[in-house]
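**Student:** Position in the sequence shown (first residue = 1) + 2 = this note's numbering.
Where hints are given, some of them may not hold.
Distance windows between CB atoms, simulated [claimed, not checked]:
1) E232 to T82: 36 to 46 Å
2) R53 to L219: 42 to 52 Å
3) D349 to T28: 40 to 50 Å
4) S344 to L185: 40 to 50 Å
5) L331 to D115: 29 to 39 Å
6) A292 to D92: 29 to 39 Å
7) Q211 to A147: 25 to 35 Å
8) L185 to N139: 13 to 23 Å
9) K134 to T4: 47 to 57 Å
10) S38 to G157: 53 to 63 Å
The set of hints was computed from the structure by calculation and includes no laboratory data.
Just so it is clear, the structure is predicted and the values come from calculations on it, not from any experiment.
A virtual CB, placed ideally from N, CA and C, is assigned to each residue, including glycine.
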Amino acid sequence: MTLPVALYVHWPYCSRICPYCDFNVTRDRGQASQRSLFDAILSDLENQAARIGPRRLVSLFFGGGTPSLLPPDWAAELITRAKQLFPSTDDIEITLEANPTDAEIARYRGFRDAGINRLSLGVQSLDNTALKFLGRNHSVREAIAGIETAQAVFGRVSLDLIYARPDQTLVNWRDELTQAAALGIEHISPYQLTIEATTAFGRAVRRGQWSSPDQDLGEALYFETQATLEALGFEAYEISNHARGPQAPSMHNISVWRGIDYIGIGPGAHGRLTIDGQRQATIAVSDLKAYTARVREIGTGHGAEILTLEDAEEEAAMLGLRMAEGVALERFRLLDLPTRASPLIDDGFMELTTTHLRATLKGRVVLDRLLLELLS
3 MTLPVALYVH WPYCSRICPY CDFNVTRDRG QASQRSLFDA ILSDLENQAA
53 RIGPRRLVSL FFGGGTPSLL PPDWAAELIT RAKQLFPSTD DIEITLEANP
103 TDAEIARYRG FRDAGINRLS LGVQSLDNTA LKFLGRNHSV REAIAGIETA
153 QAVFGRVSLD LIYARPDQTL VNWRDELTQA AALGIEHISP YQLTIEATTA
203 FGRAVRRGQW SSPDQDLGEA LYFETQATLE ALGFEAYEIS NHARGPQAPS
253 MHNISVWRGI DYIGIGPGAH GRLTIDGQRQ ATIAVSDLKA YTARVREIGT
303 GHGAEILTLE DAEEEAAMLG LRMAEGVALE RFRLLDLPTR ASPLIDDGFM
353 ELTTTHLRAT LKGRVVLDRL LLELLS
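Using the sequences provided together with the hints, build the complete structure.
**Tutor:** Here you go:
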């Protein structure tokens, strides 16, 4: 049976850099240099396909950056090539990250015709003051217009929202979530604002211009997220992902969390591949020019590291425990998870069944700390 594989494409260009973002991104400087990068991505994809052999494509995700800045015909070119290299069904999930600006809304139909069938919108907030603080270049009005257009064009739409903003309260966050759900959205990804040292927000916090909410409020906002979205008909199938309906969860993200192989192409992209029975971690060169040059020289922009069985199992636990279903115990040959998790189970942070270990709601809010205890 042909093994499944997911594909992630990193397109690093943005019209502006958000002050909280520490991803591998760069300002959009026009299409001349972008075509060189795109051609390198296509070549890298072909190289990766040759390395891993026949696979069945189960999902394709365009992330970034702002991949909706891609010309739609380029997206169509890559989708066509991916399906030639990896046979798939016609209805596989193909997601594009986008911003709800007027300029991008006009291109939605072009992306649909290219093969995109799911849109992930970086709305981030439905409050104009918060949008200004977050450095977004759209208003609430534009966000709602973008959502409505995306629903009409694609059907499947997900929203990203950011919480734990300065001066945010439980009440206004609840109202924001309720407003988002009322738009008919099937998928919401709420992320807690984290302050990374290398970002504009990191520098502002160091200068004492403002501070993020304390841990207690952050946790309270997390619990409010779970309660509000559950009451609105959403299932929290993962720590930061809520779906309304059995077809609404992101197949691409589920594939990664369950440990299915995935190819990452584009500058700085990560991947996980199983070749000749060995689990490999791949990472591409981050610098755009260096990535393009490396692909031209040796056919790929990636390096690879073979993971030990213990490393692979620890990573599987870290990813799988993000999901509500947890991890299947039969996957682990070296790690004795039930014994390691015993103190966490006693304290109500995790629960054990005959087949799975999973984090409770109490545990999911502090999962990073629990994983350190579990895997140390």
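**Student:** If a hint holds in the structure, say so; if it does not, say that too.
**Tutor:** Okay, the hints, checked on the actual structure:
For E232 and T82, the Cβ-Cβ distance of about 40 Å falls inside the hinted range of 36 to 46 Å, so the restraint holds. Take R53 and L219: their Cβ atoms lie about 47 Å apart, and the range 42 to 52 Å holds. Taking the beta carbon of each, D349 and T28 are about 45 Å apart, inside 40 to 50 Å as hinted. Remark: the range hint 40 to 50 Å for S344 to L185 is upheld by a beta-carbon distance near 44 Å.
In this structure, L331 and D115 break the distance hint of 29 to 39 Å, their C-beta atoms being roughly 45 Å apart. For A292 and D92, the Cβ-Cβ distance of about 37 Å falls inside the hinted range of 29 to 39 Å, so the restraint holds. Separation of Q211 from A147 is about 32 Å and conforms to the stated range, judged on CB atoms against 25 to 35 Å. Taking the beta carbon of each, L185 and N139 are about 20 Å apart, inside 13 to 23 Å as hinted.
Distance hint check: the CB atoms of K134 and T4 are about 49 Å apart, consistent with the given range 47 to 57 Å. At about 34 Å, the beta-carbon gap between S38 and G157 misses the expected band of 53 to 63 Å.
Checked against the numbered hints above, the structure violates hints 5, 10; every other hint is satisfied.
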